[in-house]
Amino acid sequence: MKAILKLALVFLIFASGCARKSAELVFSVGGAPNELDFWETIAADFRKDTGINVRILRQPTDSDQRRQGILIPLKAGKNDPDVFLMDIAWIPQFAASGWLQDLDAVEGGPMDTAPFWKNIIDRSDKQDGKLVALPVYVDAGLLYYRKDLLKKYGASKPPATWEELIDISVKTQAGMRDSDPGFYAFVWQGAQYEGLVCDFLEFAGTKGGIRTEGGRIVVATPENAKALALMRDLVNKHKISPPNTYTEMKEEEVRLFFQKGNALFERNWPYAWGLHQAEGSPVKDKTGICPLPGFAGAGSVSTLGGWHIGMSKYSDVQKNAALFIKYVLSKKVQKELSINLGWNPARRDVYSDPDVLKVHPHFTQLRKIFDNAVPRPGLPYYTQVSEALQRHLNAAISGSEEPSAALEAAQKEIDAVAARYGGAK
Numbered sequence: 001m002k003a004i005l006k007l008a009l010v011f012l013i014f015a016s017g018c019a020r021k022s023a024e025l026v027f028s029v030g031g032a033p034n035e036l037d038f039w040e041t042i043a044a045d046f047r048k049d050t051g052i053n054v055r056i057l058r059q060p061t062d063s064d065q066r067r068q069g070i071l072i073p074l075k076a077g078k079n080d081p082d083v084f085l086m087d088i089a090w091i092p093q094f095a096a097s098g099w100l101q102d103l104d105a106v107e108g109g110p111m112d113t114a115p116f117w118k119n120i121i122d123r124s125d126k127q128d129g130k131l132v133a134l135p136v137y138v139d140a141g142l143l144y145y146r147k148d149l150l151k152k153y154g155a156s157k158p159p160a161t162w163e164e165l166i167d168i169s170v171k172t173q174a175g176m177r178d179s180d181p182g183f184y185a186f187v188w189q190g191a192q193y194e195g196l197v198c199d200f201l202e203f204a205g206t207k208g209g210i211r212t213e214g215g216r217i218v219v220a221t222p223e224n225a226k227a228l229a230l231m232r233d234l235v236n237k238h239k240i241s242p243p244n245t246y247t248e249m250k251e252e253e254v255r256l257f258f259q260k261g262n263a264l265f266e267r268n269w270p271y272a273w274g275l276h277q278a279e280g281s282p283v284k285d286k287t288g289i290c291p292l293p294g295f296a297g298a299g300s301v302s303t304l305g306g307w308h309i310g311m312s313k314y315s316d317v318q319k320n321a322a323l324f325i326k327y328v329l330s331k332k333v334q335k336e337l338s339i340n341l342g343w344n345p346a347r348r349d350v351y352s353d354p355d356v357l358k359v360h361p362h363f364t365q366l367r368k369i370f371d372n373a374v375p376r377p378g379l380p381y382y383t384q385v386s387e388a389l390q391r392h393l394n395a396a397i398s399g400s401e402e403p404s405a406a407l408e409a410a411q412k413e414i415d416a417v418a419a420r421y422g423g424a425k
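Going by the numbering used here, the sequence shown runs without a break in its numbering and finishes at 425.
Everything labelled a hint here was simulated from the structure, so no lab data went into it.
Please note: incorrect hints may appear among the correct ones.
[As the list claims (entries may be wrong)] Dumping the calculated SDA-like pairs for lysine to any residue here, alpha-carbon to alpha-carbon at most 20 Å:
id, residue 1, residue 2
1, LYS326, GLN173
2, LYS313, GLU107
3, LYS335, PRO115
4, LYS118, LYS313
5, LYS331, ILE121
[Stated by the list, open to error] Cβ-Cβ distance ranges computed for the label pairs, FRET-style:
id, residue 1, residue 2, range
6, ALA32, ASP285, 37 to 43 Å
7, GLY422, GLY280, 23 to 29 Å
8, ASP371, ASP87, 42 to 48 Å
For glycine and all other residues, C-beta sits at the position ideal for the given N, C-alpha and C.
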């Protein structure tokens with residue numbers, strides 16, 4: 001009898017251990033060390049509130065490496081990670097591959113989408129009618145400008161059109177070159193990488209961009225050729241953007257150029273604001289932000305970026321995973337991410353929170369910019385579309401291809417990619 005009781009006790013201990021192990025929630029997230037440390041704090045607070053243990057699976061800062069770190073276990077159908085952050089551009093591919101759980105169908109759902117931007121939810125997080133992700137961090141392109149230089153050279157407000165930007169840029173650059181020979185009026189991302197496509201969509205504005213017409217993805221349009229010609233002319237004709245725009249200029253190169261005081265305008269993401277305003281920055285308190293210009297008669301466009309949270313279809317703790325997702329998206333945690341990390345929260349109500357505005361007064365402008373942000377195409381094969389565009393856009397800016405010919409060449413490659421995948425969906 002004692003032997004039976006002893007065996008039963010061992011079984012109970014073993015079963016209890018297995019239950020604890022299986023109940024553990026694994027969250028895959030990347031970023032800078034301070035960001036990962038703060039996620040550990042959030043996980044600890046969640047454990048105190050719910051008793052559910054969250055193990056942080058730390059990923060690199062590099063987004064391509066982060067994507068690969070999630071793809072491998074998903075392709076293999078592994079239980080872990082249960083929850084992960086995705087770049088907004090990954091969501092269509094992950095959803096088309098059947099890896100993402102419908103968040104409204106899981107126990108613990110449905111999810112409340114009311115606090116978030118409807119245009120982001122509808123165009124990015126809903127795939128084939130299912131809610132497969134939710135935004136955690138919102139990003140969109142914007143225009144930084146030197147308030148002091150605009151005033152000095154006679155501009156009463158930042159430019160609303162590209163034509164206005166060119167006019168004030170030419171005037172300011174001519175004046176600044178006497179004291180700063182390396183001054184260029186406008187810096188933006190023109191190197192051959194994903195950021196170039198984001199910038200191109202913004203230059204193309206409301207009348208251009210990547211369109212889907214009759215099941216075909218269309219980029220070779222007169223509106224896009226006009227935008228691409230402008231990008232080329234900023235460097236080669238007007239010469240208000242530096243010659244290394246198409247060879248070196250990515251986010252940080254652009255940010256550093258502007259922050260050293262060598263530019264009037266900068267196209268970048270909101271992350272640059274805190275760095276421009278940091279102690280010791282030459283542009284501290286001299287910088288303003290506003291929506292990007294558009295062509296006369298067309299509206300402003302900002303390319304939507306950011307990170308979204310999703311749940312693996314293979315997770316074996318989906319109820320707990322749903323609770324964690326709700327916790328991360330609560331106003332409390334969104335405020336903490338904003339105040340402690342400078343993140344742009346996904347919840348619209350955080351942008352009017354007094355505690356947040358004390359730290360980030362520029363959030364009042366950001367909210368308006370996010371209202372008109374436009375996502376990149378929701379295609380499972382978007383990566384291949386982007387790669388084709390990057391090569392030919394960059395060649396046109398450098399002057400080695402004519403804008404219309406570059407877009408026609410990109411169009412042929414995109415048509416071939418779409419044919420392999422069965423066309424645009």
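Unsatisfied constraints (hint numbers, rising): 1, 4, 6, 7, 8
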